[in-house]
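> Add chain H to chain F, keeping to what the hints say.
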Amino acid sequence: MTNPSVPLIELRGATKKYGGVKAIDNVNFTVYPGEVHALCGDNAAGKSTLIKCLAGAVKRDTGDILINGKSVQIQSPRDAKRHGIETVYQDLALADNLNVAANLFLGREVMRSGFARIFINHGFMEDEAATVLKRLKIRLPSVRQKVHNMSGGQRQCVAIARAVYFNAQLIILDEPTAALGVKETEMVFDLVREMRDQGHTVIMISHNLNHVFDLCDRVTVMKTGVRAGTLKVREATQDDVVKLIMAGGRDFDQSRDALHSAPDLAGCA
Amino acid sequence: MTVANSQETMPAKAPLSENVTWLLSRMTALATLIVALSFASPYFFQTGNFVNILKQASFQFLMSSGLTIVVLTAGIDLSIGAVLGLAACVGASFLANGQIFYGVGSALLVGFTCGLVNGSLIAYLRIPSFIATYGMLWIAVGLSFVFMDGQVIYGFPESFRVMGSGFIGPIPTPILIAAILLIIMVITLNHTKLGRTLYAIGGNRNAARLSGMPVKFWEMMAYGISGLLAGFAGLVIIARTGAVDAGVGNDLLLPTIAAVVLGGTSLMGGRGGIVGTAIGALILAIILNGMNLLGVDTYWQIGVLGSVTVLAVLADDKISKHIDMRG
Numbered sequence: 001m002t003n004p005s006v007p008l009i010e011l012r013g014a015t016k017k018y019g020g021v022k023a024i025d026n027v028n029f030t031v032y033p034g035e036v037h038a039l040c041g042d043n044a045a046g047k048s049t050l051i052k053c054l055a056g057a058v059k060r061d062t063g064d065i066l067i068n069g070k071s072v073q074i075q076s077p078r079d080a081k082r083h084g085i086e087t088v089y090q091d092l093a094l095a096d097n098l099n100v101a102a103n104l105f106l107g108r109e110v111m112r113s114g115f116a117r118i119f120i121n122h123g124f125m126e127d128e129a130a131t132v133l134k135r136l137k138i139r140l141p142s143v144r145q146k147v148h149n150m151s152g153g154q155r156q157c158v159a160i161a162r163a164v165y166f167n168a169q170l171i172i173l174d175e176p177t178a179a180l181g182v183k184e185t186e187m188v189f190d191l192v193r194e195m196r197d198q199g200h201t202v203i204m205i206s207h208n209l210n211h212v213f214d215l216c217d218r219v220t221v222m223k224t225g226v227r228a229g230t231l232k233v234r235e236a237t238q239d240d241v242v243k244l245i246m247a248g249g250r251d252f253d254q255s256r257d258a259l260h261s262a263p264d265l266a267g268c269a
Numbered sequence: 001m002t003v004a005n006s007q008e009t010m011p012a013k014a015p016l017s018e019n020v021t022w023l024l025s026r027m028t029a030l031a032t033l034i035v036a037l038s039f040a041s042p043y044f045f046q047t048g049n050f051v052n053i054l055k056q057a058s059f060q061f062l063m064s065s066g067l068t069i070v071v072l073t074a075g076i077d078l079s080i081g082a083v084l085g086l087a088a089c090v091g092a093s094f095l096a097n098g099q100i101f102y103g104v105g106s107a108l109l110v111g112f113t114c115g116l117v118n119g120s121l122i123a124y125l126r127i128p129s130f131i132a133t134y135g136m137l138w139i140a141v142g143l144s145f146v147f148m149d150g151q152v153i154y155g156f157p158e159s160f161r162v163m164g165s166g167f168i169g170p171i172p173t174p175i176l177i178a179a180i181l182l183i184i185m186v187i188t189l190n191h192t193k194l195g196r197t198l199y200a201i202g203g204n205r206n207a208a209r210l211s212g213m214p215v216k217f218w219e220m221m222a223y224g225i226s227g228l229l230a231g232f233a234g235l236v237i238i239a240r241t242g243a244v245d246a247g248v249g250n251d252l253l254l255p256t257i258a259a260v261v262l263g264g265t266s267l268m269g270g271r272g273g274i275v276g277t278a279i280g281a282l283i284l285a286i287i288l289n290g291m292n293l294l295g296v297d298t299y300w301q302i303g304v305l306g307s308v309t310v311l312a313v314l315a316d317d318k319i320s321k322h323i324d325m326r327g
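Protein chains in written order, with my numbering: chain F, 1 to 269; chain H, 1 to 327.
Isolated chain F, as found in the complex (with noise of 0.2 Å):
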């Protein structure tokens, strides 16, 4: 299996210019397996510029991405989601008129098989819906529900699930929060504790940084374009990421394997 030492996946001196500005800038970026990894900084930063080269759906002009440290083509939105890497978008990709077991296997349902073989098999697909929505803690009233009768936080939920029901080796959120309420938000929470508890690897991206204190093991800070650096969320308080983020920094990275080196805060303000 993987080994944890090892980054699940790696971005190297990635850069993507929209006309003449450069979104990000040579960044380098690692998230190892199990992890929670946050994504803070300014609008702008260049943090949804940067999950979108990792997911696919956007085109970096230069920069290598390697999976379990070998280099993969992540050209298109499918070739991520053949290397496991599954994007839950702030504006989710879900299909109100459908049911949550339609939502969940949106795309890939599963056939009867024999005869029966043009036909949906209905059944296992809600028994599926609700096995993993039963592992992940999620409740719903039923499989059978319209997502459009849901609530923001059970429709973020559907989402995810159908993300880690795929088998995703990284499953990347793009603000799971943006738009919910306080409850709603922390049972979108809830589940990435779940999911963090479970060895799910995730990236984040949020702008709460108690949050990101409460949830993640490392943040990254995004400004302008470059990365400010990586912190290990144990080893750091709140104000040094808002320093990153107001200020900037040299682009260091606090990796995992240094798990006692003092923090090095030298590009702070």
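Keep in mind that the hints were calculated from the coordinates and are not lab data. Heads up, some of the hints might be wrong.
[To be verified] Dumping the calculated SDA-like pairs for lysine to any residue here, alpha-carbon to alpha-carbon at most 20 Å:
| no. | chain 1 | residue 1 | chain 2 | residue 2 |
| --- | --- | --- | --- | --- |
| 1 | H | K318 | F | S76 |
| 2 | H | K193 | F | S151 |
| 3 | F | K81 | H | N206 |
| 4 | F | K81 | H | S41 |
| 5 | H | K216 | F | P77 |
| 6 | H | K216 | F | A93 |
| 7 | F | K134 | F | I118 |
| 8 | H | K193 | F | K134 |
| 9 | H | K216 | F | S76 |
| 10 | H | K193 | F | S76 |
| 11 | H | K193 | F | V110 |
[As the list claims (entries may be wrong)] Here's a subset of chain H near chain F, in silico, CB distances under 7 Å, partners left out:
| no. | residue |
| --- | --- |
| 12 | N52 |
| 13 | R161 |
| 14 | S165 |
| 15 | T192 |
| 16 | K193 |
| 17 | R196 |
| 18 | A200 |
| 19 | N204 |
| 20 | A207 |
| 21 | L210 |
| 22 | M213 |
| 23 | P214 |
[As the list claims (entries may be wrong)] Here are some of the chain F residues that sit facing chain H, going by a computed Cβ distance under 10 Å:
| no. | residue |
| --- | --- |
| 24 | K17 |
| 25 | G20 |
| 26 | V21 |
| 27 | T87 |
| 28 | Y89 |
| 29 | D91 |
| 30 | A95 |
| 31 | N103 |
| 32 | R108 |
| 33 | M111 |
| 34 | G114 |
In this text, a Cβ means the ideal position worked out from N, Cα and C, and glycines have one as well.
Chain H in isolation, oriented as in the chain F frame:
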């Protein structure tokens, strides 16, 4: 979990409110119509009249079923009546010579081709369906007039006319055809990948695309199928009337849309279905039949049809908002 919910297990049973409310509203409408018309006209509540209504509803269903598929993908096909007319004209030119195979084949081909042209414009070139099919409406109308050159074609083989005016056993053929089509479409829309894809496109096109569904292809095919079914409906209609001129599809668009809307399929896409359209076709046939029995003037009938269509959309809107508030 912080969000408390005492339910430990997850029952698979769906909350039925949406479907039940919808079905109840339709059944109430049907029952009200039947009771009211039974009192209003002594000729209404009779077996012969019911067979008439069913036949009329069957023709309507053939035309509206294709449109239902398109509307489910959040599109509209305004060219249905015109394409039906063109297909019927081309088919009739062979049928009048006794060439049933070529007649049927050419009508279906014309319908399918027009639909595919619509579909490619809409799915691949991203022209709004309203514009693309509106253009096709006039192209098909123009071609019909060019093709027919003012002629009326009649005299089709009896074996062909069975399709529109004959019986199979005790059942009029068009009713049987509509019933078979209904069953095929119920299964396709609810139990196949194609159906699921069409609903997903109508519900959230972007989600369907991100899920890897071949969205563009099936969106195009929705219009193709709509055109194909229009061609088929054209054949059944000329088999009933026994004659065709260039204007055969002229007045068919309004009732075709009306039946879909009365059936509760949302013009925003993704909601409703083919059973609704069958019920919508039935309601429409009863309304028209009732107005005929009561001697309502034809022009007034058209006005009533338009009003009923708008009212149905309004009512569905209110009902679905009501359900949302409760859910």
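> For this structure, which hints from the list above don't hold up?
Checked against the structure, the hints that fail are numbers 1, 2, 4, 7, 8, 10, 12, 13, 14, 23, 24, 25, 26 and 34, while the rest are satisfied.
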